[in-house]
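Asks: Kindly produce the complete structure, drawing on both the sequences and the hints.
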Amino acid sequence: MHLYLAQHGLAVPEDVDPERPLSPKGRTDIERLAARLDRAGIVVERMLHSGKTRAAQTAEILAGPLRAGAVPQARGGLRPNDPVEALASEIADWSADTLIVGHLPFVGRLASHLLVADANQSLLAFQPGSLACLERDADGHWRLAWMLRPELLTEVSR
0 MHLYLAQHGL
10 AVPEDVDPER
20 PLSPKGRTDI
30 ERLAARLDRA
40 GIVVERMLHS
50 GKTRAAQTAE
60 ILAGPLRAGA
70 VPQARGGLRP
80 NDPVEALASE
90 IADWSADTLI
100 VGHLPFVGRL
110 ASHLLVADAN
120 QSLLAFQPGS
130 LACLERDADG
140 HWRLAWMLRP
150 ELLTEVSR
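So the sequence shown is residues 0 to 157, counted in numbering that gives the first Met the number 0.
Some hints here could point you the wrong way.
Said to hold, decoys possible - The following label-pair restraints were derived from C-beta to C-beta distances:
id : residue 1 : residue 2 : range
1  : E18       : G139      : 35 to 45 Å
2  : H140      : P17       : 35 to 45 Å
3  : M146      : D117      : 17 to 27 Å
4  : R142      : G40       : 13 to 23 Å
5  : R45       : M146      : 15 to 25 Å
Calculated directly from the structure, the hints in this document are not laboratory data.
Ideal Cβ placement from N, Cα and C applies to all residues, glycine included.
Replies: Below, the structure is given as structure tokens:
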């Protein structure tokens, strides 16, 4: 099983818009990420997001290449400071490749909990528009397969 953990794209500041939708840069970063995932042929069976505007917009952009137009689902328990232990226990029973779009510190804490059973370890350098792929082996142990950050997805001119 693969679990994809994404931090939403860069959002506008709260004083500009209290709903904090994606900024133009945030939208571009996520569109580039979606294009890269599409080229890699990655498909997920389920997409979950926190329900916050920036996470919902990120999930909707990623839904095209990853789910062939299926609608991402808002889910409780994915907000920035929510505890990760209950979701981690639930994930242990999942078999479908899943994408979770959330926030810091939540996605980083969830990754750390799954990888080393300590949510307080800071293992992955998430930033807006990042995505990490964790894979679970036959024994139920998680490992980091790969991670992409926006600076790796910029177009290279030659």
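Asks: Evaluate each hint against the coordinates.
Replies: Evaluation of the provided hints:
1. Roughly 39 Å separates the CB atoms of E18 and G139, a value that falls within the hinted 35 to 45 Å.
2. Distance hint check: the CB atoms of H140 and P17 are about 42 Å apart, consistent with the given range 35 to 45 Å.
3. For M146 paired with D117, a C-beta distance near 19 Å keeps the hint of 17 to 27 Å intact.
4. One distance hint, 13 to 23 Å for the beta-carbon pair R142 and G40, holds here, with the actual separation near 21 Å.
5. Checked against the given bound of 15 to 25 Å, the beta carbons of R45 and M146, roughly 20 Å apart, stay inside it.
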